[in-house]
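Sequences are here, hints too, so could you generate the full structure?
Protein chains: 2
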Amino acid sequence: MIKIVLIGAGNVASHLFKAFQTSEKCSVAQVFSRTKTSLENFETSTETTTDLKKLKEADIYIISVKDDEVENVIEQIKHKNGLIVHTSGSVPMLNSGKRNGVFYPLQTFSKNTEIDFSKIPLCIEAENENDLQILEELANSISKSVYKISSEQRKSLHLSAVFVCNFVNHLYSIGEDLCKENKVPFEILHELMKETTRKATLNSPAKVQTGPAIRNDKKTIAFHLQQLNKADYSKIYTLLTDSIQHKNG
Amino acid sequence: MIKIVLIGAGNVASHLFKAFQTSEKCSVAQVFSRTKTSLENFETSTETTTDLKKLKEADIYIISVKDDEVENVIEQIKHKNGLIVHTSGSVPMLNSGKRNGVFYPLQTFSKNTEIDFSKIPLCIEAENENDLQILEELANSISKSVYKISSEQRKSLHLSAVFVCNFVNHLYSIGEDLCKENKVPFEILHELMKETTRKATLNSPAKVQTGPAIRNDKKTIAFHLQQLNKADYSKIYTLLTDSIQHKNG
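Residue numbers (the numbering used here), protein chains in the order written: chain A, 1 to 249; chain B, 250 to 498.
Misleading hints may appear alongside valid ones.
As the list claims (entries may be wrong) - Subject to a maximum C-alpha distance of 25 Å in a straight line, what follows is the list of computed DMTMM-like cross-link-like pairs (lysine to aspartate or glutamate):
| id | chain 1 | residue 1 | chain 2 | residue 2 |
| --- | --- | --- | --- | --- |
| 1 | A | Lys111 | A | Glu187 |
| 2 | B | Lys397 | A | Asp177 |
| 3 | B | Lys456 | A | Glu181 |
| 4 | A | Lys78 | A | Asp51 |
| 5 | A | Lys218 | B | Asp317 |
| 6 | B | Lys484 | A | Asp242 |
| 7 | B | Lys496 | A | Asp177 |
| 8 | B | Lys443 | A | Glu114 |
| 9 | B | Lys305 | B | Glu273 |
| 10 | A | Lys230 | B | Asp481 |
| 11 | B | Lys479 | A | Glu152 |
| 12 | B | Lys267 | B | Glu318 |
| 13 | A | Lys53 | A | Asp67 |
| 14 | A | Lys66 | A | Glu127 |
| 15 | A | Lys194 | A | Glu114 |
| 16 | A | Lys111 | A | Glu69 |
| 17 | B | Lys448 | A | Glu114 |
| 18 | A | Lys218 | B | Glu324 |
| 19 | A | Lys148 | A | Asp67 |
| 20 | B | Lys305 | B | Glu320 |
| 21 | B | Lys479 | A | Asp242 |
| 22 | A | Lys183 | B | Glu378 |
| 23 | A | Lys183 | B | Glu376 |
| 24 | B | Lys303 | B | Glu324 |
| 25 | B | Lys468 | A | Glu71 |
| 26 | A | Lys78 | A | Asp67 |
| 27 | B | Lys468 | A | Glu75 |
Stated by the list, open to error - Cβ pair distances, simulated, as ranges:
| id | chain 1 | residue 1 | chain 2 | residue 2 | range |
| --- | --- | --- | --- | --- | --- |
| 28 | B | Lys484 | A | Asp116 | 28 to 38 Å |
| 29 | B | Thr286 | A | Gln226 | 32 to 42 Å |
| 30 | B | Arg283 | A | Thr22 | 56 to 66 Å |
| 31 | A | Lys119 | B | Lys484 | 25 to 35 Å |
| 32 | B | Asn478 | A | Ile214 | 17 to 27 Å |
| 33 | B | Ser453 | A | Lys218 | 32 to 42 Å |
| 34 | B | Asp365 | A | Lys119 | 17 to 27 Å |
| 35 | A | Thr22 | B | Asn497 | 27 to 37 Å |
| 36 | A | Asp232 | B | Ser400 | 24 to 34 Å |
If you are wondering where the hints come from, they were derived from the structure by calculation, not from laboratory data. Idealized CB from N, CA, C, for every residue including glycine.
Structure (structure tokens):
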């Protein structure tokens with residue numbers, strides 16, 4: 001049984017906690033948060049503390065705090081014997097020559113959305129082979145897709161995620177704006193959004209590109225630009241159209 | 250029983266044909282295409298022709314050809330008594346004072362991908378109320394989501410679709426590129442892509458925006474820009490980041 005201390009009580013920590021509760025390979029011995037109120041959801045199931053100095057002994061300390069604070073937390077608990085990992089996509093693994101690692105679930109978490117953790121890719125990394133095996137065992141116990149990913153690779157995954165998640169969502173919100181302007185229900189586009197994503201996961205997205213840009217349909221492009229009355233939306237339209245055409249020769 | 254003549258044999262026409270075959274409200278009496286080979290898939294199920302002058306009498310003529318050719322086809326068949334509709338998102342309805350309309354399925358169609366037509370939104374429009382009712386009956390017989398949409402509204406839907414489908418797919422392909430550069434399997438991002446889309450259909454996308462741009466996480470943004478070595482990808486990153494920040498004050 002892998003004994004875990006969870007440091008942090010935000011979205012990622014909460015979803016991890018729930019996932020660990022379903023696993024037979026581990027138990028969460030304690031949850032830390034600086035603020036007492038954020039521990040309320042954990043108190044009925046495990047021990048909690050607001051004092052980093054009162055952390056229990058554990059096999060793994062999982063740090064799930066804001067990216068900026070990860071280093072600071074590691075500094076304060078580095079005397080511990082257990083393996084210390086963080087869950088951040090953008091913070092490199094600490095190479096201290098001791099027992100450090102990364103346990104990064106690649107997903108967008110919302111507080112009130114239920115998630116099937118078994119589908120979430122877990123990217124793991126550790127300074128030594130033994131610890132990597134422990135992380136692998138832990139990861140396999142809650143997810144079906146576990147990847148050994150170096151800090152260098154994780155950097156590019158995190159960057160890619162901004163494009164395929166954050167930026168994609170912004171394009172959705174632009175679509176919603178354009179619909180609102182003309183009193184069209186945005187839901188008409190839902191099936192198209194889903195099918196576009198489905199296609200891009202069944203094929204290489206580069207190979208299933210469609211639309212006026214790749215057809216070089218100048219008439220439609222000019223017509224669309226006429227319709228756009230927000231400066232940044234026009235710029236985005238032009239830049240993405242150029243980029244599609246550039247990529248496809 | 251609504252008697253249909255289908256003009257065109259491309260992706261949209263093929264998927265419509267299959268959908269009509271499952272409907273008890275209509276039958277496709279004939280399919281037209283300029284090229285004989287593209288009619289091969291239809292020949293076993295209905296009559297076909299390569300000559301517009303040999304079109305049979307029908308209740309509805311559905312024109313599903315390239316956007317540029319729609320007007321030309323209408324010109325050639327406008328003497329027919331039936332209702333004449335096209336399936337294009339970007340071509341306005343012909344206002345001839347006769348019987349014209351639009352029957353626009355809002356979806357991205359691929360040749361070899363099976364599609365559940367009942368989920369595809371159908372946007373209908375007609376010059377007169379009677380014809381709109383006929384189109385509604387036909388549309389309801391193959392789809393669960395039918396919308397009465399004016400040409401003006403359809404214009405903005407078509408434009409929105411470029412953002413939420415074509416441009417989104419391009420962002421996916423950029424994500425794929427970035428993964429390839431660092432030998433990371435793109436499939437790690439598939440679940441994130443699906444969840445992002447799911448979230449944006451359950452909520453207003455504007456309200457579930459996440460990422461370094463909306464957090465104004467300058468350190469991560471600078472770090473990401475350092476990693477991007479293609480000029481147009483850097484420009485896209487900067488422009489979309491600015492646009493997210495602009496939108497969210």
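Legend entry - Cβ separation of aspartate 232(A) and serine 400(B), checked against the hinted range 24 to 34 Å: 27 Å, holds
Legend entry - 25 Å Cα cutoff - pair lysine 468(B), glutamate 75(A): Judged against 25 Å, a Cα distance of about 20 Å means the pair holds.
Inset, instruction - Sort out whether glutamate 376(B) lies within 25 Å of lysine 183(A), counting only the CA atoms. - result: Distance of about 20 Å is within 25 Å: holds.
Legend entry - Range hint compliance [Cβ, aspartate 365(B) to lysine 119(A), 17 to 27 Å]: 22 Å, holds
Inset, instruction - Note whether the CB distance of serine 453(B) and lysine 218(A) lies within 32 to 42 Å or breaks it. - result: 33 Å, holds
Inset, instruction - Quickly compare the C-alpha distance for lysine 111(A) and glutamate 187(A) to 25 Å and report which way the hint goes. - result: Given pair lysine 111(A), glutamate 187(A) holds - Cα atoms ~23 Å apart, limit 25 Å.
Legend entry - Hint consistency between lysine 218(A) and glutamate 324(B) [alpha-carbon to alpha-carbon, up to 25 Å]: 23 Å, holds
Inset, instruction - For the pair supplied as a hint, lysine 303(B) and glutamate 324(B), confirm whether the alpha-carbon distance does not exceed 25 Å. - result: Answer holds: lysine 303(B) to glutamate 324(B) is near 15 Å, not above 25 Å.
Legend entry - Hinted pair lysine 397(B) and aspartate 177(A), Cα distance within 25 Å: This hinted pair holds, its Cα atoms lying about 20 Å apart.
Inset, instruction - Compare the distance between the alpha carbons of lysine 218(A) and aspartate 317(B) with 25 Å, and conclude whether the hinted pair is satisfied. - result: Roughly 11 Å separates the two Cα atoms, so the pair holds.
Inset, instruction - Could you grab the alpha-carbon distance between lysine 183(A) and glutamate 378(B) and see if it respects the 25 Å cut-off? - result: Holds, at about 21 Å.
Legend entry - CB-CB spacing for isoleucine 214(A) and asparagine 478(B) relative to the 17 to 27 Å hint: 23 Å, holds
Comparing the model with each earlier hint shows no violations; every hint is respected.
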